[in-house]
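Chains as they are written, first to last, in the working numbering: chain A, 1 to 113; chain B, 114 to 228.
Hints are computed from structural coordinates only; laboratory data are not their basis. From a predicted model like this one, the values you see are computed outputs, not experimental measurements. Treat the hints with caution; some may be incorrect.
As the list claims (entries may be wrong) - Listed next, the in silico DSSO-like pairs over lysine-lysine satisfying Cα-Cα at most 27 Å (straight line):
| no. | chain 1 | residue 1 | chain 2 | residue 2 |
| --- | --- | --- | --- | --- |
| 1 | A | Lys59 | A | Lys36 |
| 2 | A | Lys70 | A | Lys51 |
| 3 | A | Lys70 | B | Lys126 |
| 4 | B | Lys170 | A | Lys36 |
| 5 | A | Lys112 | A | Lys70 |
| 6 | A | Lys112 | A | Lys51 |
Letter by letter, the chains look like this.
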Amino acid sequence: GQQVMQIPQYQHVQEGEDFTTYCNSSTTLSNIQWYKQRPGGHPVFLIQLVKSGEVKKQKRLTFQFGEAKKNSSLHITATQTTDVGTYFCAGLRVGEYGNKLVFGAGTILRVKS
Amino acid sequence: KAGVTQTPRYLIKTRGQQVTLSCSPISGHRSVSWYQQTPGQGLQFLFEYFSETQRNKGNFPGRFSGRQFSNSRSEMNVSTLELGDSALYLCASSLLLAGGPDEQFFGPGTRLTVL
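Extracted from the complex, chain B is given alone in its bound form (with noise of 0.2 Å):
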């Protein structure tokens, strides 16, 4: 099976300005989980979608959102950049259970630099 995909590997953008990134699950994974990765804070949660609905949403402002199309690719999006959003931004997807979300297969994320 094909692994986790992330797309755009880097990026480069300027504060005020938007952008998208892509993740394609692990095929039959209906369940993507995105999360913030920074030095000093770890792995922080930002939403999970499965089956096109967001289920759970982590402590972010509006500025993140994200998506989920019915083949389970997902996008996020961030708009109004700020210079604290540099971040590596990881991807997951997992078969989701009746006791919750198993184990997460990430993707490789997308470095994203804000100038």
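Only chain A is shown next, with the shape it has when bound in the complex (with noise of 0.2 Å):
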């Protein structure tokens, strides 16, 4: 099952609402990716935190990494149509038998216009 827990699992929002999701780990990650991936397409990074409590920004896009590095989030400000897509977050998990990317099941991101 999963051990990266993505929340929620739809959001539907009007064009130019704000838009977060938020992902936690039971165990300390050593970094969380981001991935978008458009209807019928395969994910794209979008961006890798590593510090605790680090905050990135792209454009709309502010990513966060939680001080105990177990939880993050991805927020985006008036969204827009072209930001329709399902985003993931996958963490990094350094285990006893190797290191090894879990990705959340992801939210799915609806917009109106």
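Combine both chains into one complex, guided by the hints.
Shown next as structure tokens:
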């Protein structure tokens, strides 16, 4: 099962509204990556966060990594129709048998114009 | 640089058959990972290969196997197909850094339908 929980599963917003998706891990993560998958496409890397409490911005997108490195969020300000897609977080877990990237189930974003 | 390529793009098989999927990573990338994507389960990690060695494995039955060649190209095989194996199979390549897999570059995927 999923070891990185991502919520919400779906989000429908009116164009111009804000959107946030959250990721939570039961264990500490070495880093967290975020991906976007457009309908019919494949996941595309957005960003990687490494440091505790790190915040990064890409235009209207703001990414945060929690102080305990167990949670992360992606916030989109003033959504546009081009933001439609599924947003995945992926946490890097260091384990006894090596490092593994564990994906959340994704949040599907729909934007109504 | 050419992106990650996967063949075939679409495949229809019947229960009990086996299938082999192929992935060519970005030139210079030696780490190749495979994921299964289904609507209800998101991206499930299958396995990761680096320098022809399987470094990590997800929680899939032994019917799922893979290998990597000296040129970093990778194949995955599913034997005795079941209806539940219908999914999009994604391959991703990355540079392997000291701390673990870096940014994953995904291929377009192979859409497998099992009838």
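Hints, one by one, checked against the model:
1. A:Lys59 - A:Lys36: It holds: about 15 Å lies between the C-alpha atoms, which stays within 27 Å.
2. A:Lys70 - A:Lys51: The hint holds at about 11 Å.
3. A:Lys70 - B:Lys126: Answer violated: Lys70 of chain A to Lys126 of chain B is near 41 Å, above 27 Å.
4. B:Lys170 - A:Lys36: holds (24 Å)
5. A:Lys112 - A:Lys70: Judged against 27 Å, a Cα distance of about 32 Å means the pair is violated.
6. A:Lys112 - A:Lys51: violated (35 Å)
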